[in-house]
Every structure is written in structure tokens, then in C-alpha cells.
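Based on the hints, put chain B in the right spot on chain A.
The listed protein sequences correspond, in order, to chains A and B.
Add 113 to the 1-based position in the first sequence for my numbering, that's all there is to it.
Add 113 to the 1-based position in the second sequence for my numbering, that's all there is to it.
Worth flagging that the hints you see were computed from the coordinates, not collected in a lab.
Please note that a few of the clues may not be correct.
Some chain A residues near chain B, calculated using beta-carbon distances under 7 Å [to be verified]: (1) S124; (2) F163; (3) D166; (4) S167; (5) L192; (6) C195; (7) I207; (8) T237; (9) D249; (10) N254; (11) S256; (12) S268; (13) M437; (14) T439; (15) E441; (16) P444.
Using N, Cα and C, we set each Cβ at its ideal position, and we do this for glycine too.
There are 2 protein chains.
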Amino acid sequence: MAKTILLAHGSGGKLSHDLIENNLVPPFSNPILNKLDDSAIFELSGRLAFTTDSYVVSPIFFPGGDIGRLAVYGTVNDLAMCGATPFYLSISLIIEEGFPMEELKIIVNSIKEAAERAKVKIVTGDTKVVNRGSADKLFINSSGLGLISSGVNISGSNAHPGDKLILSGTIGDHGIAVMSQREGLKFSSSIESDCAPLHELVTEMLEVSQKIHCLRDPTRGGLATILNELAKQSNVGIWIEEDKIPITNPVRAACELLGFDPLYVANEGKLVAVVAPEDTEAVLNKIKQNQFGVNASIFGEVREEPKGKVIMKMTLGASRLVDMLTGELLPRIC
Amino acid sequence: MAKTILLAHGSGGKLSHDLIENNLVPPFSNPILNKLDDSAIFELSGRLAFTTDSYVVSPIFFPGGDIGRLAVYGTVNDLAMCGATPFYLSISLIIEEGFPMEELKIIVNSIKEAAERAKVKIVTGDTKVVNRGSADKLFINSSGLGLISSGVNISGSNAHPGDKLILSGTIGDHGIAVMSQREGLKFSSSIESDCAPLHELVTEMLEVSQKIHCLRDPTRGGLATILNELAKQSNVGIWIEEDKIPITNPVRAACELLGFDPLYVANEGKLVAVVAPEDTEAVLNKIKQNQFGVNASIFGEVREEPKGKVIMKMTLGASRLVDMLTGELLPRIC
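So here's chain A without its partners, still in its complex pose (with noise of 0.2 Å):
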């Protein structure tokens, strides 16, 4: 068997066919994927949710994960955001000329762990294999199918004056963590992605209440931009405090060094909700219940004004405009 990847192992010929029947196929095995035509066929009836996502992280492989955990992880986690329960997702590989094969098992066990972790089948995939230099080792686009029960209604255009916001863990750890392995930086403690399916942790709080109105994951240009995007879906103002925002002593020290505002920094297993204020408790106890949720903390609420506009009372007690993130701060972070 070849050692690297072939452009012939994206010609759809014998060595496509080989590559998926023995290497693509077997770790995700399912009646579904393994009729191997050309879409998957299953039943499912109801109000659906249905995401894409295309992963370009780099480096692929970083401490807390790699590009494969994160398709799975960040798919699912689009869905668990519409307070939807994932079921099938579909994996797209470009794969760059030259990329070593024991590279690509080790992310395709990566994906199959993930899946199983968050128990939804990989049912329909493509690969296609570009010349050296045009692309970049590998890119992953996973797409979404997820169910959403009835009586459940989350959107970032739900938020209403009076809702509380509850982040579910310390921020910038999957920005960091990447970044670090970039740029070859060593801080004293490791810092590792924080990468996770979120969607267990969104049932257990929507069984503990009917008022959660958004929910958003705060991944690229991060929580800042999430909540500006929820204080415009929803033309309402959100206002925050910074000494309620959880984050770790080597995130900080990390941030502080490299001059990045944790606000503006990615997160991959983290989630903010938006709940009714009579229900805050109720939910925040549950998050807390949760291993992905330990950390989580009440830190802003949403009022009338400034509409469309985050503003954050600083721990000295003034107060400043939270913009959207501007330019660039990490590119190919997720």
C-alpha cells in the first residue's frame, strides 16, 4: 500500500475505491454508509436542524486534538446550538498530494472516536486529492443532520430584556492551545484545546427548562463576536462583566504575553446561553453537574439597551463597548 497519498487516490478509479473500502469505510461501518451509493438513505421525520462546517485548522494535530476531532466536535455542536440532537453527519476530505498515510489513520480514527463519543453515525463521505501546493495537508468538511424535539425553540433572535447569560467555562483554551503549536511557543503548564461535544450538556439543561433562549458556541472570533451577533439577531443590549468571565492563570498569562484579548479568542467545547431569569439557577446547576460545564458562571444580562451593541463592566468598574472582532487575531484557528 502506497505511503502517502496519490493524485489517483482522488480519481474515483481502483486506488478511490481502495482507499475508501479499506481505510474509509471499515472505521465508520454502518448499514447506512455501507451501501456505498451515492447518498445515504435513512428515515427521518420532523423539525430538522442541518449544518455544514469546513475545518482548515492548522497545525492539524494540536494538544486537546486534531482536525478530526474537531469536525465531529464542531458539526455537533452547530446542531446542539439549535437545541437540536445530532444523528448523521457526513465527512468530506481534500486531501493534499504527499500527506502521509499513517497521518490520515490517525485522523480517521480521530473522527470515528469523536463520533462514537457523541453517538452519531458518519453516513455519507467524498474524498478528493489535490497537487502538492494546492492545499494544505488537509481540510475536512463535515455537514450536520440533527431532530429537534417539539416545544423547543432556540435562536440568536430569542433574546428578550431581563434574560441572564450563562457561560458554561473558562474561555481562549482551544486558541491558545493552537496557537502554541504554531508558533512552536512552550508555557509552563500545557495548555490543551478545549474541544468537546456540547449536545448531552444541552439536553440536560432543556430538561430543566423551557425558557433557554439562545445558544451559541463562541469559536472563531470569539465570545465577543458571539454576543454581538446575539445583541443584533436580537436587537437588544447585552451587558457583561468581566470578573464573571472564567478563564485559566496560563490562558491569561498567555494572552497577556502575546497581547490577544481572551474575548477575541476561539473556544471549541464552550457554550453561552441566554435563559429567562426566573430559570438562571435551575440551568446553571445543571451546567455545573456536567464535566463539560464545572467552570460555568451567571455573567451578563440582556437589556433593552444599547440595542445591537455588548458593553462590559471592567473589573475597576468602568465600562467599555465590546466590539465584534476586527481583522485577524488567529487565522485557520478551527
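Quick look at chain B alone, frame taken from chain A:
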């Protein structure tokens, strides 16, 4: 506005939002997409078909189409080949830093026109930007969702001995069109890609026959490869006749000149149908009435033996084994 794509257009922050809200949502505007939540949400019930494909064609503009049109029709056709009516598509862009904004607009418009022509809605999307040299201009993933009517049971594993094979038109047009554009070749008559949506044709075929057993579009790897796939999946022998396979004179001449076997050259708007013998004429006549099927032909049949193989009776009388594509004829053809 920037004249080229900047890294910050993929940051998730302000420039990403500007690009999405000004350039990527308005052309596809529909109530599901416009919500801009992490997933598209809609009601859909029944037997679903779900498929994904990444498009890496080079060059991105070619006679008869571009990467945008290809991304819509290719995914629509993967749904149609399972007998599904396509409903919803996702579009995920991986753009190289420096890509001209004008070209992006042309391709987005091409996606819009193709989606309208195919009567599908773009309901969710994603945009990533990678640094210069880390991708070649633009890659597009599109995933699709369709609905299969009850009673339709089409699969590559359903071919039965006695079934006839119908090809909906001439072969090799797409591959030769892309290749000639890539290499700057000029043929006396211009050869255009056959890139086209085939789901309406499939619907019309299903109106006249409940005995369409397999459908497949001979894209990467060409006609020879998909016939081998069908022979293997159904564990049957497939016998075809060389002089029944439609091909235009310019494509035949280009293949002779370049040393290509047209059986292995990619198509984008053709299908092979495996149909029970008693329904073959009715299906053929129906295909010929569709604009994408005027040159349709019955070109072969299914036999018990040789299992998993494809045999072609040549124009001069001898027969030869037709293998799956080995190696790579034309990289990045789709």
C-alpha cells in the same frame, strides 16, 4: 470594499459578517437561511437522501460552467441518483487569501442561478479563508438533502440479470472541456461541459416505470468506473456495446489526439439507468423527450456472468474486459 479576499474575511468577526451579510446571504435569500443561526431549521419527514461532495475543479471557470454551477448540479445529481427530489443544499467555501472579490461574486451568482434552475434552496453555509499558497483559489463543499417517494427503491446493488442499460447522452464532454481550458488547447469546434441537473429527468423516468433498478452519474472515473461499481455492488456481469455509446465527433477526436479512452473521461450531466427489460423502451422514450436526454441510447445489458466485471463488445466484433480506472487521467476534474 476590499477587492480581494483577506484573511480577516474568514475570522468569524466583522469582515466575515460583512461578507456574509452583503455578498453571501442576499443572493440566496430565503426564510430558513436568513435566520443566520448555527443550523438551518425546517420540517421534513419521510425517507431522506443525504449526500456531500467537495469540488476542487481546476480551472474554476471552464467552457459550459464553473465550480459554482458544478457544486450545485453535482450534489443535486447525487440525490437524484437515489431517486430523491432535492430540497436543501449547504454551501461551504474554502477561499485562498487574495482571491478576487469579482470572481467570488460571479461564482456566487452562478450558484444562485443553478439553485434556482434546480429548484433547491441554499439554507446554510460556511466560509473559511486560508493564507496565500495554502489552497488553490477556491474549493466548494455542497451537501444536500432530498426526499424519496414511497415505492422508489434505487440502489447500485439492485441490478438483475436481464436488465437493460440506458445512457442518457454523449460521454466525455465535461472532462475534455475542463482539460482543454486547463491546458489552453484549442479544438476546431468548442467542447462544452455537460454540467446539468438531472433530477427532473429522473422524476419523468419514474413516472413511466417502477422498475428502474439503478441510477448513477458517470462523473470522476467515467462510464467505465461506474459500470464496474454497479457490477460489483450487484454481483452481476455487465455487457455493453461500443457502437451504442454516444460520443460527439469533437470529443472523440480530442480523445484520440490526447490518447484518452473516453470511457474513463468525466461527465457531469449524464446518467446510466439499469431498467427491467419490459420497461426499457418506455424509459428510453421518456429520456429522449427531456432536453438532457436527446441522445439517449440502450447500450448494454446485465447478465449473471462474469460476476463483478464489465465486458465491452467492440465495433469490430471482439470483446474486451473494461476495468475500473487505474491511476489518474485528469486530476481535479470536479
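We went through each hint and held it up to the structure:
For S124 of chain A, the interface hint holds, since its Cβ comes within 7 Å of a Cβ in chain B; the closest pair sits about 4 Å apart. Taking 7 Å as the C-beta cut-off, the interface hint given for F163 of chain A holds, the closest approach to chain B being about 5 Å. Hint status for D166 of chain A: holds, given a least beta-carbon distance of 5 Å to chain B, under 7 Å. The restraint placing S167 of chain A at the interface with chain B holds, with a minimum CB-CB distance near 4 Å, inside the 7 Å limit.
At about 5 Å, the closest approach between the beta carbon of L192 of chain A and any beta carbon in chain B falls short of 7 Å, and the interface hint on this residue holds. Nearest Cβ of chain B to the Cβ of C195 of chain A: about 4 Å, under the 7 Å cut. The hint holds. Interface hint status for I207 of chain A: upheld, as the beta-carbon distance to the closest one in chain B is roughly 5 Å, under 7 Å. Hint status for T237 of chain A: holds, given a least beta-carbon distance of 5 Å to chain B, under 7 Å.
Interface restraint check: D249 of chain A against chain B, minimum CB-CB distance 4 Å, threshold 7 Å, status holds. Contact between N254 of chain A and chain B, as hinted, is supported at the beta carbon level, the nearest pair being about 4 Å apart and thus within 7 Å. Among the interface hints, the one on S256 of chain A holds; its C-beta lies about 4 Å from the nearest C-beta in chain B, closer than the 7 Å criterion. The closest approach between the C-beta of S268 of chain A and any C-beta of chain B is roughly 5 Å, which is under the 7 Å cut-off, so the hint is satisfied.
This hint holds: M437 of chain A has a C-beta 5 Å from the nearest C-beta of chain B, less than the 7 Å allowed. A least Cβ separation of about 5 Å between T439 of chain A and chain B falls short of the 7 Å threshold, and the interface hint therefore holds. A hinted interface residue such as E441 of chain A counts as satisfied when its beta carbon comes closer than 7 Å to some beta carbon of chain B; here the least separation is about 4 Å, so the hint holds. Look at P444 of chain A: its Cβ gets to within about 5 Å of chain B, closer than 7 Å, so that hint holds up.
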